[in-house]
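J.: Those sequence lines, one after another, are chains S and Y.
All the letters of the first sequence, read from the start, carry residue numbers 61 to 338 under the working numbering.
All the letters of the second sequence, read from the start, carry residue numbers 86 to 238 under the working numbering.
The hints are simulated quantities; they were obtained by calculation from the structure and are not laboratory data.
Think of the CB as a built atom: it goes at the ideal place given N, C-alpha and C, for glycine as much as any other residue.
Check the hints yourself; a few may be wrong.
[Claimed, not checked] List time: in silico EDC-like cross-link candidates among lysine to aspartate or glutamate, alpha-carbon distance up to 16 Å:
id	chain 1	residue 1	chain 2	residue 2
1	S	Lys185	S	Glu334
2	S	Lys185	S	Asp308
3	S	Lys185	S	Glu331
4	S	Lys107	Y	Asp166
5	S	Lys107	Y	Glu117
6	S	Lys149	S	Asp181
[Said to hold, decoys possible] Every beta carbon over 10 Å from chain S, so not counted as near; a handful from chain Y, in silico:
id	residue
7	Asp96
8	Gly149
9	Leu162
10	Arg172
11	Val180
12	Asp183
13	Gly199
14	Gly206
15	Phe212
16	Asp214
17	Arg219
18	Ala220
19	Asp223
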Amino acid sequence: MRIQVDDVRLFFDVDGAKLRPAGEALEEVPTVLILHAGPGLDHAPYKETLGPRLVDLAQVVYLDERGHGRSDRSDAASWNLTTWATDVKGFCDRLGIERPIILGQGWGAMIAVRLAALWPDLPAKLVLAGPLARIVPDRSIAVFERLGGAAAGEAAFQFYRHPSERTVADFLRVCFPLLGRTERGPGTLLRAQWNFEALIQWQLHEGHVVDLRREAARVTAPTLVLQGEDDPQMPLVGALELVDELPDARLVTYPLGRHSLFHDEPAAADEVREWVRS
Amino acid sequence: MGAVVRILAGDVELSFDVDGAQLVPTDLGWAERPTAVVLGESTPYREGLGPALARVAQVVYLDGRPDGGGLGIDDLLGFLDALEIERPVLVGGSVTVDFATRHPGRVAKVVLVGDAAEERGYPILAFADGEGLRAATDDVVAFVLEPEPEVAP
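Isolated chain Y, as found in the complex (with noise of 0.2 Å):
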């Protein structure tokens, strides 16, 4: 896939698009929207889910490295401190739950395309392969809408 928007995340040149705006306009103010950044090969994603989460969310499809290989934990940490994602949902790998055990503050929650066997501290929906991911949009909204847990004190 061709660069789209790109940027500087540490040493190595992301390409990224973007669906859905952040912030949208209410009758005297601004909704702030969920970031939902789906990680890796977009296209199969691009109909189907990736704009039915875009109804509800800004969606942010983050291509792998431009070498071919998955995208490492600095790699989406540089990333999203380039662009001030504060806490999106993660769509994507094993490299969303890897890099929510490393920094759980900046998670909101993740979309698994895997096995998510043990008990985490996060919100998680798993699939076991994309195919079921794409087949579930109606969940896959329904979960990024749902209101966070309370964090314990």
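Next comes chain S alone, as it looks inside the complex (with noise of 0.2 Å):
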């Protein structure tokens, strides 16, 4: 389904029905937003193993971001984290999605951010997984050097410095299968709808100026931060600066973890759960 929002229609799925029956009467159960990590994926790899897991408990919503997967391309002018967070927004108000618990990932978890920190009413809860407060390359340049030597050290200064279809292409070749510590079939990356463009405009422009830090600070909602250890993309002392602004944050972490986490580590998706019942 899609559903217009301002200038773009935006793609979303749903799985769980928000009514289930509860001896004679229907109960509601909460919502979990998902936003996707990116730029340039979309919602995907979300309906293996984490919106599986949380079926039971809520009504999934999955969101393809403007310039996304089946949402409207756009233009490049209008992809950055206000826009897309204002999106959000839109499409909470448009179909009376009242209080959902929003789940981002990486870049999907500073969109959260963004969204909670303009409007502190609109999230029930935050769950960020693998999120950071600001991108600092040679942190992650490092982070993939030790995990995959010299040639992904390489291949990830390139993709950072100089964002181009070129070092996008080696990123994905050497960089990409560190990402995960678990070996992925090959379904995960032919059923997404890649947006490259979108991934080359955020790195070559925004990516390398957001801050969240001082907005942080005014996230009222209660925050699930997930993180990896071993994360290469989104590095723990990124994930650490945006825990310490923000000011009802629990932490959990994961030694091995990487930014796959939902795929590698089925204790986070335990912890959603978790933070979805409590």
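From the two separate chains plus the hints, produce the assembled complex.
T.: Printed below as a string of structure tokens:
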């Protein structure tokens, strides 16, 4: 399904009813709205591991951000955190989604923080998986090199310093496999509808300058932060910078965890389940 | 029933709920499942028929008008347009066939609670009453999964 929000139509999918039989009556369950990792990716990976683990507890809503997946591409000028966050707010208003639990991963977590800082009352709770306050390329490059050797360090360096189709291709070949510690089937890469232009634009522009530390202090929603200690894309130190500023955060780290937390660490989904229930 | 997710379809705010994804992962791609729109008071279908349909389709429960009136053809068209639901299986009373007569391209099949005497240009499965429909879960699931007949050129 797609729905008009401002100047774009956004694709979303839903699993699990909001109203469920409880004895004679119907009872509401919480809504978990998933903001996918990226930029460039779409909601696809979350249908493999995380969503199915939540659907008995919550109505799970998958959203493709503007410029991503099956949502309208829009144009590069509107690909920025504030527009993406405003789209999510408009999406919730349009569909009457009240007080969702917003779960964002990586770049999606950055959108969630921007959203929760602009509209603190919108989310009932937050889950940030592998978030960052700001992107410091040297930190990521160092972890890629530690995990994948000099070639990975070099591919990461080129990707961060000279983003282009060529360096994204090298990054995908050399560094992408390092984002998880267990093998994934080819379906994960094939199912996503990629927009590499959005990734390159992000690396060239906002990705360099964004810093969420000040606005994180305005987030009032209780926030669960899940972080892999070996995440090369979103290194632990960057997540800690964010956690320091969040007024009500609970941090759970996974010693061998990388960026594909929900694929590699079944305990991460257990943690989300507890957070939904609490 | 309280508002669940709601949408402006024309000048009226309609409440709806969704169970079951539209796109489900296969080994290398996606399966797009049919959409079944269940019209009117959904409580009787939340156990049994609804969950059974959600295993093979995306089920959309669409309430009546907030003023207590039944859904009109234009309400339904506005709703389907707003969510880009192209050709659903409609489940409900006489509005389903009225809608299909007016907008034949926008309906895949009809599961009707009511009298379906005349010949129609689309697959239809009819039940005398809601109780009959709810008792026929397996038949409804099989009907939703049946390939659509070839359209004559």
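J.: Evaluate each hint against the coordinates.
T.: Going through the hints against the structure:
no. : hint                   : verdict
1   : S/Lys185 with S/Glu334 : 12 Å, holds
2   : S/Lys185 with S/Asp308 : 10 Å, holds
3   : S/Lys185 with S/Glu331 : 14 Å, holds
4   : S/Lys107 with Y/Asp166 : 26 Å, violated
5   : S/Lys107 with Y/Glu117 : 13 Å, holds
6   : S/Lys149 with S/Asp181 : 11 Å, holds
7   : Asp96                  : 16 Å, holds
8   : Gly149                 : 15 Å, holds
9   : Leu162                 : 15 Å, holds
10  : Arg172                 : 13 Å, holds
11  : Val180                 : 21 Å, holds
12  : Asp183                 : 24 Å, holds
13  : Gly199                 : 25 Å, holds
14  : Gly206                 : 26 Å, holds
15  : Phe212                 : 22 Å, holds
16  : Asp214                 : 21 Å, holds
17  : Arg219                 : 13 Å, holds
18  : Ala220                 : 18 Å, holds
19  : Asp223                 : 20 Å, holds
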